[in-house]
Every structure is written in C-alpha cells, then in structure tokens.
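> Listed here are the chains, written in short residue letters.
2 protein chains.
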Amino acid sequence: MRKRKFWGWGYADELLSNEEEQQIDSRIAKTFDLEEIEKLPIPKVEDIDLPQPNIEIPTALKALLSDEKEERLNHTYGKSFPDTARSLLKDFSSPPDLVAFPNTEEELINVMDWCDGVNVAVIPYGGGSSVCGGVESQVGDSYSGVISLDLRNLNKIIEIDRESRSARIQAGILGPNLEANLKKENLTMRHYPQSFEFSTLGGWIATRSGGHYATLYTHIDDFVESTRMVTPSGVLESRRLPGSGAGPSPDRLTIGSEGILGVITEASMRLQDRPTFRASSSVEFSNYKDALNALRVISQSGLFPANCRLLDSNEAVMNGAGDGSKHLLILAFESADHDKTASLKRALEICSDNKGLYEEPNNNKENAHRTGSSGNWRSSFIKAPYFRESFTRRGIIQDTFETSITWERANDFIEEIKDDIAKAIEEISGKPSLVTCRITHSYPDGLAPYFTFSAFARPSTMIDVWREIKLITNEICISKGGTVTHHHAVGRDHRPNGYDEQRPELFKDILTAAKAKVDPNGIMNPGVLIDPENKEIKNWLK
Amino acid sequence: MRKRKFWGWGYADELLSNEEEQQIDSRIAKTFDLEEIEKLPIPKVEDIDLPQPNIEIPTALKALLSDEKEERLNHTYGKSFPDTARSLLKDFSSPPDLVAFPNTEEELINVMDWCDGVNVAVIPYGGGSSVCGGVESQVGDSYSGVISLDLRNLNKIIEIDRESRSARIQAGILGPNLEANLKKENLTMRHYPQSFEFSTLGGWIATRSGGHYATLYTHIDDFVESTRMVTPSGVLESRRLPGSGAGPSPDRLTIGSEGILGVITEASMRLQDRPTFRASSSVEFSNYKDALNALRVISQSGLFPANCRLLDSNEAVMNGAGDGSKHLLILAFESADHDKTASLKRALEICSDNKGLYEEPNNNKENAHRTGSSGNWRSSFIKAPYFRESFTRRGIIQDTFETSITWERANDFIEEIKDDIAKAIEEISGKPSLVTCRITHSYPDGLAPYFTFSAFARPSTMIDVWREIKLITNEICISKGGTVTHHHAVGRDHRPNGYDEQRPELFKDILTAAKAKVDPNGIMNPGVLIDPENKEIKNWLK
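Protein chains in written order, with this note's numbering: chain F, 219 to 760; chain L, 219 to 760.
Honestly, the hints are just simulated from the structure, not real lab data.
It does not matter which identical chain is used: a pair holds within one copy or between any two.
In the DSSO-like style, the derived pairs of lysine-lysine whose C-alpha atoms are separated by at most 27 Å in a straight line are:
#1 LYS262 - LYS601
#2 LYS649 - LYS248
#3 LYS308 - LYS756
#4 LYS248 - LYS601
#5 LYS735 - LYS756
#6 LYS641 - LYS248
#7 LYS735 - LYS753
#8 LYS308 - LYS601
#9 LYS753 - LYS726
Please work from the sequences and hints to get the whole structure.
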C-alpha cells in the first residue's frame with residue numbers, strides 16, 4: 219500500500235515541485251508584503267513525541283488492533299487547516315490509543331463490543347478527510363481510552379444489480395477503487411467530492427457529502443437506496459427500496475449521523491450509466507447580479523446541468539480564467555441516453571438574456587469538460603488540497619467555508635459575508651484578506667456559496683488566528699440565515715456559534731435520546747454533533 | 219361551508235347518478251354471478267347512536283372545542299374501505315369525545331396543553347382522507363378521553379417568495395385552496411395525490427404523500443423546504459434552506475411521523491412555475507415484460523416525464539382504453555421553460571425499441587394531457603373514490619394497496635402478487651377476484667406498483683372479509699421484499715404483518731425514544747406507527 223502523509227493531504231511521496239513552492243513564496247510575499255517567510259519543515263515520524271497508549275490490546279483482538287506509532291499518528295487528525303497546522307507543529311498530544319482494522323463486519327462488532335464493555339470511545343475513520351474535526355480522538359477524560367476504527371479493509375463491492383442500476387457496497391471503499399470497479403460494468407456512482415481520492419462511501423453517507431455535480435442528483439442523500447449501520451446495541455439495516463412512504467425514513471437518520479449512532483458498514487447505492495453525450499461552455503458576466511440571475515433561472519428551468527458553477531471574478535483569476543473583471547459560469551450537460559445540445563443552447567440563451575457572453579459551445583466531444591476554462595477549473599479543484607498545505611507550512615491560512623441560502627437573499631448574503639469576513643480577518647490578523655466565492659451547487663429554491671479566504675499568520679500564531687476566524691465564519695452563516703455547512707459536515711469545529719444554534723433544540727433532544735438508545739454508554743464519536751448524555755466534552759475550538 | 223359526508227368520500231350532495239348506480243348493480247351481478255344485491259341505505263345523522271363524550275369541554279377552551287354529534291361523526295373515521303363500511307353499518311362505537319378547531323397556532327397549543335395535562339389523546343386531523351386508519355380515535359382505555367384536532371382553520375398561505383419559488387403555508391390548507399392561491403402568482407406546488415380535493419398540506423407531509431406526477435419530484439418529501447411542528451414539549455422548527463449537510467435532517471423525521479410526535483402547523487414548500495409546454499402520448503404493448511422494460515429504460519434515461527404510468531391490460535379496459543389485450547403506457551412531458559417534443563420523441567423511440575405501438579403525439583397543445591387515453595385515465599382517477607363507496611353499500615370490497623420494488627424483481631413481484639392475492643381472495647370470499655395493477659411511480663432503481671382488487675362479500679360479512687385480505691396484502695408486500703406502503707402511509711392498518719416487520723427493530727426503538735422525549739405522556743395519535751411506551755394499544759385489525 220502506497221504510504222500516505224501522516225501530517226497532511228495525499229501520499230507521502232506526492233509533494234509540490236520546487237517551482238510550485240517558489241511560486242507560493244512569491245505569491246505570499248507579494249500578497250502580504252513580506253520580506254522573509256518562515257517555513258516549517260515536513261515532520262518525520264521519529265520527530266514526534268507521542269503519549270503512551272492508555273489501554274492495552276486485548277489478546278482476543280490482537281490481529282485487529284494496532285498500537286504502532288505511525289498508525290496512531292495517521293489517525294490523530296483529519297485534514298482541516300488546524301489538523302495540518304498541528305501536525306506541522308508536531309502537536310500530537312491527543313492521539314488514539316489504538317487503531318482498529320477489522321476485515322469483516324463481525325470483527326468490527328467484536329471490536330466495538332470490547333470498547334463498549336471497557337468504556338473506550340470509538341472514532342469511526344473512513345478516508346480521514348474530515349475538514350471539521352470529525353475524526354479526532356480528543357474525547358475528554360471520562361473514557362478509559364479511545365480507538366480509531368479504520369474501515370479500510372471493508373472495501374468490496376458485494377453485489378451489482380445491473381438492471382436496477384444499484385450496488386451493495388462496503389463502506390470503507392475509497393472513491394477511485396469504487397469507480398474503477400463500477401466502470402467494468404459501464405456504471406458510475408457519479409459522486410465526486412473534492413476529497414474523492416481519499417474519502418470513502420461510508421464517510422460520504424455519514425457526513426452528507428456533496429458531489430462535484432451541481433444540480434439534481436449531487437448530495438449523497440439522493441444516491442442511498444439502503445444502509446446498514448452497526449451500533450453498540452445491534453445492527454440497524456434498512457430495506458432496499460426505490461421509494462417508500464412507510465414512516466419516517468430510517469436512512470435519513472443514518473445519513474448525516476457522523477458516527478455518533480454507529481458505524482455504517484454497507485449501503486446499497488443508486489448508480490448511473492456512464493455518460494456518452496456531453497455539451498459544455500463557459501459564460502462571462504460583468505455584473506454579479508446578472509450572473510446570479512442567470513444561475514437562478516437555469517436552476518429553475520428543469521434543464522439540470524451536470525456542472526453549473528459560478529466563480530466570482532477573483533476565483534476566476536485564481537483558476538486561470540480571465541483578467542479579474544469577469545465572473546465565470548461553467549456549464550456542462552451530460553447524458554448516457556440522449557444528446558444535450560438543445561439543453562445547453564437553452565441554458566446559454568438564458569445567460570444571454572442576462573448579459574452573459576460565451577465561447578462557442580463544445581458539443582459532444584469526449585472530455586469536452588476537461589478543456590477550456592472548465593478544464594482549468596477542474597484541475598485546480600483536484601490540486602487545491604495539495605497547495606493549501608504548502609501555505610500552512612508558512613503559517614498562511616488558506617481555508618474555506620460553505621453554506622446555503624434561498625435565492626431571494628442570495629446576492630446580499632454573499633456580498634455581506636465576503637465583506638464582513640474580510641474585515642474580521644484584517645482585524646484579527648493585521649493584514650488585509652481576499653475572500654472569494656464560488657457557487658458550487660444550485661437548487662430550484664436556492665444555492666450553496668463556497669467561500670475561500672487567506673489570512674496572514676506566522677506558524678506560531680496560525681492556530682489561534684484560525685480559531686478566531688472559524689468562530690466568526692460559523693456565526694456569520696447562522697446569523698444571516700444560512701446553514702453552518704452545506705456539505706463539509708458538522709464534526710466538532712462547526713458546533714460552537716454554529717450547529718449548536720442552527721439545530722432545533724427539540725431535535726437535539728431527539729438525537730440525544732436516539733443516541734442514548736443505540737449507544738447507551740456514549741462511546742460513539744463523542745463530541746461530534748451533540749454531547750453524549752452525562753459526558754461533558756470539551757470542544758477544542760471553545 | 220359545503221357539507222361533507224360523514225359516512226364516505228366528498229360532499230354530502232355529491233352522489234352517483236341513478237344510471238351510474240344501475241351500472242354498478244349490473245356490473246356486480248355479472249362479475250359475481252348474483253341474482254339479488256343487498257344494498258345498505260345512506261345513513262342519516264339521526265340514525266346513529268353515539269356514546270356520550272367521556273370528557274367535558276373546559277370553559278377556557280369553549281370556543282375551540284365541539285361536542286356536536288355531526289362533528290364527532292365526521293371525525294370518527296378516515297376514508298378507507300372499512301371506514302365507509304362501518305359508517306354504512308352505523309357503527310360509530312369509538313368516536314372522538316370532542317373535536318377541536320383552533321384558529322391559530324397559539325390556540326392549538328392551548329388545546330394540546332390541556333390534553334397533555336388531563337391525559338386526553340390527540341388525533342391530528344387534516345382533510346380526514348386517511349385510508350389506513352391514520353385518524354381514528356380508537357386509542358385503548360388508558361386515556362381519559364380522545365379529541366380529534368382539526369386543522370381546517372389553519373389554512374392560509376402566509377408568505378410567497380416568488381424569487382425562490384417557495385411559500386410558507388399553514389398545514390390545514392386543502393389542495394384546491396392551495397393551488398387556487400398559488401395560481402394568482404403563476405405558481406403551482408404541482409402535488410396532486412388522488413385525495414387532493416380533501417387532503418391538506420400537513421396531512422401530505424405527515425404521511426409522505428405521493429403525487430400524481432410519476433418521476434422526479436413527486437413525493438412530498440422533495441417539496442419540503444422547512445417544517446414547523448407543535449409537540450407536547452414545544453415547537454420543533456427547522457431552518458428554511460435549499461440544501462444542508464448539517465447533521466441528520468430534522469425535516470426527514472417530521473416527514474412521515476404521522477402525528478405521533480406532534481402536529482405540523484406550517485411548512486415552507488418548494489413551488490414550480492406553471493407548465494406551458496406539454497407533449498403527451500399513449501403507447502400500447504402486447505407483452506407486459508416489454509412494457510416494463512420500456513418503463514425502466516425511460517426511468518433511467520434522465521428524460522423525467524411528468525406522467526409515466528403503466529396500466530396493465532385489465533386496468534386499461536377499466537379506464538376505457540383498449541379491448542383488454544394491450545397494456546397501456548401513458549406518457550406526458552411538461553415544462554414551464556422549454557419545448558418537450560424532443561424528450562417525448564426519445565421516450566417513444568425507447569417504447570418502439572420495446573415493441574410499443576403509439577398514436578401520433580399531441581405536441582404542445584394546452585390540455586393535451588386531458589384528452590385521449592390519458593384523459594380518460596385522469597377522470598377515472600379523480601372519480602374512483604366516489605364509485606368505490608357505492609360498491610361498499612352493496613358489500614362489495616373494492617380496495618387498493620401499493621408498494622415498491624427494485625427493477626430486477628419487478629416482473630415476478632407483480633405477477634406473483636396478482637396471482638397470490640387473487641387466489642387468497644377466492645379462498646376467503648368464495649368467489650373469484652380480479653387483481654389489476656398500474657405502475658404509478660417510476661424511479662431509476664425501481665417502481666411503485668399499485669394494485670386494485672374487488673372481492674365478494676355481503677354487507678354483514680364485508681368487514682371480516684376485508685380484514686382477512688388486508689392482513690394478507692400486508693404480509694405479501696413485506697415477504698416479497700417490498701414496502702408495506704409507497705404513499706398511503708402506515709397508520710394503524712399497515713402495522714400488523716406489515717410495517718411492524720418492515721421497520722428495523724432499532725429504528726422502532728429510536729422512534730419510541732424520540733416520542734418519549736417530545737410526547738412524554740404519549741398523547742399523540744397513539745397506535746399509529748408504534749405504541750407509546752407503557753400504553754398498550756389494541757389495533758382493531760389484529
């Protein structure tokens with residue numbers, strides 16, 4: 219198995235080139251008017267001081283549990299800014315005591331039973347790509363220990379039903395492995411979150427992941443046909459059905475439960491035929507309100523573009539498109555059944571009606587969506603996490619937050635958030651910041667804006683600066699009527715000033731009661747979403 | 219207010235013509251080889267013996283509660299076969315003691331607070347169109363009384379957001395009133411269950427209603443933007459958002475909760491522009507497997523027809539189409555934005571590939587969907603409940619049940635159910651029965667078959683015969699892998715042999731825990747979905 223970085227995103231041997239590193243240096247120097255840039259070295263396993271495990275591996279589970287140092291390092295954090303920052307600063311003060319690698323559901327149950335019996339907290343771990351503290355092992359001192367439960371060996375496609383276009387799949391499968399196996403049957407799940415390379419089916423379901431596609435079927439919620447979740451009180455498995463009206467949907471409680479009720483081990487997922495017809499284009503707008511209006515009308519038209527993403531002028535530049543004066547709408551249609559030229563034409567007509575200017579469309583070309591402005595956008599999308607961690611080495615915060623809002627508030631919401639956050643960052647960090655926005659998902663009744671910002675800090679101050687900003691971004695999304703997260707999940711980092719305010723109080727009570735029922739000892743991912751009853755969790759963000 | 223029947227469907231002055239009644243007589247005589255047909259008279263209010271209320275109206279709630287005989291009769295039953303049967307037989311042995319008509323949410327809360335304080339069960343009542351025992355007041359003897367909580371006065375559209383195409387609406391609004399008011403803004407919710415005339419927004423949400431449209435947005439679940447529910451422990455209101463990934467969806471627990479957690483008082487609903495482009499056709503198939511295959515390919519094509527309903531050959535005849543040798547696929551496309559001719563053409567091409575024969579399409583004609591075979595189908599759809607109750611007067615059971623299944627099982631599932639139920643009915647009733655099937659909803663991964671059957675009985679035996687059949691239809695849907703209900707809800711009637719087996723056991727525990735939290739005294743719609751803890755409910759079907 220190719221080795222992954224314990225301190226950041228991706229594989230250990232996958233680093234930016236010297237040239238790319240130099241580009242980052244000069245960009246930072248220019249942006250923040252700096253003469254010298256401090257840069258943290260890439261840490262080595264042997265440099266890290268790791269506390270001894272608080273618990274010993276029981277003999278019966280010897281084959282499934284590891285206390286190996288590098289595994290414990292690998293499983294200490296997710297991949298958020300502060301995760302990489304703490305890793306680079308060699309702060310691994312709250313690692314899991316042990317890491318479990320069950321090979322079957324039965325083994326997984328054995329591990330969980332043991333944990334439940336000896337008051338050991340369990341942190342479900344899929345690809346470890348959480349950017350909101352969803353896989354951390356900081357659980358407070360009311361547990362005798364904590365394990366990270368890694369699902370990497372539950373990674374098979376159990377069964378494909380070609381006729382219904384669905385498959386029963388183990389939760390630990392990574393995106394590329396899943397798609398490679400579906401491709402053999404000319405099928406695809408067509409769910410591409412930015413974390414695709416290092417995230418798992420189970421993780422997507424547990425966190426209500428949002429895919430790369432911008433309209434219609436994009437949230438993992440819509441792809442789930444049935445789920446199977448192991449809880450400390452037994453297995454909760456739903457029936458495989460295309461649709462049902464029999465009571466509240468059990469799946470919809472599993473989806474988004476972020477490991478606090480149990481571990482998702484399998485799901486039946488809806489698949490699609492691989493698209494063969496494509497049509498795409500990019501449209502430039504001088505005025506952001508016009509662009510938003512075009513996006514709204516397209517989203518309400520029933521045309522359902524696969525890609526329909528609006529980059530504001532600053533994002534467009536960063537993605538190698540335009541001179542910073544134009545906002546860029548990327549449009550792409552796909553189908554496995556019929557030509558989409560007419561749909562693209564109609565969408566472009568809507569853009570025209572709203573003063574959009576566009577290139578001649580690339581119809582039906584295989585890979586059309588990988589060329590031109592949309593192609594540029596696509597490769598920066600995949601590369602972004604690699605770049606981000608190089609900024610972190612220099613103390614520079616590059617981070618994102620995402621939310622959603624209904625159309626009637628959209629323009630003001632986006633403008634106000636950009637302004638308010640830019641001001642807040644300048645106040646906190648002492649240097650100006652650029653906050654940019656892309657609309658990643660569009661709905662008939664609203665949209666999901668995704669904000670990117672950079673903020674000046676030094677390696678020694680970056681975590682404190684980040685923490686202050688985070689509390690403000692949480693607060694601003696909620697106070698302005700949005701959601702604290704559209705597809706990154708809640709984890710621990712989105713709770714203070716955020717999810718804890720957003721979630722209806724009675725729903726918290728219901729979730730707490732549900733958890734008390736299936737996880738009576740409160741061992742499952744404590745501190746995520748809610749606090750287990752009678753166990754106070756200290757959130758590190760607070 | 220126009221008076222509604224207390225004993226059956228629709229308005230008191232809306233009865234079949236003498237000619238239609240005679241047609242029913244001769245059809246029954248022919249079908250069941252009868253010489254004489256016994257026929258129950260339409261009951262009058264004064265004919266009914268009603269038990270005295272067990273509770274008195276408290277002075278403070280005098281303006282909101284009624285003990286009037288006709289209101290208590292009106293609220294004793296829903297509109298299922300046994301509901302009408304018991305009404306015609308003048309069996310109103312378990313009426314609500316009182317009926318509440320709050321005019322505001324505050325008044326509704328006052329009523330519920332009083333009930334909670336004096337151990338009175340609360341049966342939320344929207345349009346009263348339940349066909350599964352969802353609004354009955356038979357709650358067992360552990361309550362001091364029972365009220366029916368009628369939401370008819372909470373029937374306003376509070377606010378329309380034209381830009382986001384959504385509206386905040388009170389839950390007690392009936393379908394026609396809702397659509398008439400939306401029409402003024404050139405909007406529609408485009409949700410047309412068969413009960414449309416006499417069912418409410420709140421009822422649709424509480425029961426996961428399925429609309430008349432056959433693909434894509436059809437279940438009420440998809441139209442809900444946010445909900446507001448009054449529980450005995452307070453109000454649970456979700457945030458109005460186009461999409462969110464912040465923990466499990468609170469709305470998805472409210473949706474389908476069938477009144478056991480609280481009363482839905484308001485919801486923000488997604489709306490649509492009124493369609494202006496239409497294209498429709500009907501396709502005949504000699505072979506059912508071919509028809510199913512065409513339906514599957516269309517459902518997986520991304521064309522998303524608004525209507526895509528497959529009537530088996532017997533249903534086609536009953537709906538005035540064909541000679542009984544052909545299965546009929548009704549296809550219709552609609553859009554408010556763009557022409558759908560090409561979509562219809564492609565769908566018909568798929569039908570052709572599967573040996574379907576079709577008329578020349580009616581493109582773009584306003585009301586095209588109201589003419590031809592599809593037009594016939596539409597009027598019988600609306601008239602069906604009126605006819606059914608005239609059969610009931612003669613002891614003849616005309617009933618339906620609906621389920622769903624994935625494509626790979628579809629053909630065998632449908633054939634087996636038709637055969638098995640026909641055999642069971644013959645065994646139970648002593649006379650042969652015809653079981654017919656239409657596919658009402660199609661999904662990329664499966665479909666929802668809707669079965670209609672008639673069974674011979676006499677007025678004196680009809681309830682017992684129906685009960686035996688019901689237990690078998692529940693059981694067969696579940697044992698063959700389907701759902702016990704696709705869009706009629708669970709209520710009380712779908713529990714034995716059905717929902718109680720289908721629902722994951724741990725999910726029952728979770729629902730029970732949730733209910734215990736928000737409804738600690740178990741007053742809300744006891745016996746529906748689950749039994750409140752410590753209160754044993756005797757289901758009349760058992």
